[in-house]
Amino acid sequence: EAQVTQNPRYLITVTGKKLTVTCSQNMNHEYMSWYRQDPGLGLRQIYYSMNVEVTDKGDVPEGYKVSRKEKRNFPLILESPSPNQTSLYFCASSSTGYEQYFGPGTRLTVT
Amino acid sequence: AQSVAQPEDQVNVAEGNPLTVKCTYSVSGNPYLFWYVQYPNRGLQFLLKYITGDNLVKGSYGFEAEFNKSQTSFHLKKPSALVSDSALYFCAVRDRNNAGNMLTFGGGTRLMVKP
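Chains as they are written, first to last, in this note's numbering: chain A, 44 to 154; chain B, 12 to 126.
Chain B on its own, in the form it takes in the complex (with noise of 0.2 Å):
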């Protein structure tokens, strides 16, 4: 079975200041990693990756998460904070030995960016 935790409901943070978001997972095999934002309204969309290779990845609207293997992390970093970066936040894992397309997500992160 695999799971995942974003152990924060919300995060709040000022314009201009750094955001992290945090995600915690659990497969049996190695993981595929990825992050999705969603906008009031709207259907979700895909920010970044993690496949293999390099643990720090680089995504959309300047997102960045780092794949932490001994915490089983994949936290979701901006280093200044956007108005427009409000949002909810979706951490989502896929187990690589999985055959399948079973994607699993977790709870979601309201991300709140103050001016």
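Pulled out of the complex, with its shape left as it was, chain A reads as follows (with noise of 0.2 Å):
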């Protein structure tokens, strides 16, 4: 089945406690970007990579790095977490660049 994984699904950790979010696509797609959801501000892209080693920063890239050392894996680090990244990630693959692959999500809170 072609899907986008994300682990772990739910996670809460402390402020400064470095973390990452594993994302994983089956569908041989180039593009693969990070998103974060919060409550009346939609998604805003983090960063997004057009293929291995290929990654640039989107709107709110403060905070995270990424890697894309393999087609498949897109992780998303956060170094040293603050209350302020409290929120709901997605990650998406996509092969054109166009309509983009929703993993199902991961809810973060940073205490």
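These aren't lab readings, by the way, just hints derived from the structure by calculation.
Only true hints are included.
Just some of the chain B residues that point at chain A, by a computed CB distance under 10 Å:
hint : residue
1    : V15
2    : Y43
3    : L55
4    : Q56
5    : F57
6    : I62
7    : F101
8    : R105
9    : M113
10   : L114
11   : G118
12   : G119
Here's a subset of chain A near chain B, in silico, CB distances under 8 Å, partners left out:
hint : residue
13   : G85
14   : F145
15   : P147
Ideal Cβ positions, reconstructed from N, Cα and C, are used throughout, including at glycine.
Make one complex out of these two single chains by using the hints.
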């Protein structure tokens, strides 16, 4: 089954404790992105990648890092999480850069 | 810079009636436009896109949208709403001149279809 998977689905952590949210797609897509969803603000793009070793900043990259060492994986790294990074995070992939396939989401709470 | 506005936080419609969810956009060049739907506790699902060609585009589940360049709008429509259409709808834009994959979403509109 073609899909985008994210892990973990739910995470509660404390300020400053480094964490990684994994994202993997099995559709051989070139494009991958990370978004955060906050009430009233819609989805805002954090980072995107057009191919292996090619990443670029989206609208809200501060406090986040990404890497794209393999085509299928695009992990999101929070080196020192803060409470304002409490949010719902979505990974997405696309073959064309047009329609995107979204993962199920990761709900992160930073206390 | 590119932006999307969805002026209505919520749209209420009776089952069987037509529905419209509004979207206006701003880009420096020509746009690629998209609609996505989000059901509770789920990720977003692609509904339809405008890339080029006919201004009226048809998508999944009987939805359609009309690209209006002069009004910079891309409103989502359906002739007859179903209760199962109740969900959160997002409009998104990408600048055609943007070589990357910068996609900007609107704030979302909650559609409530009542029996």
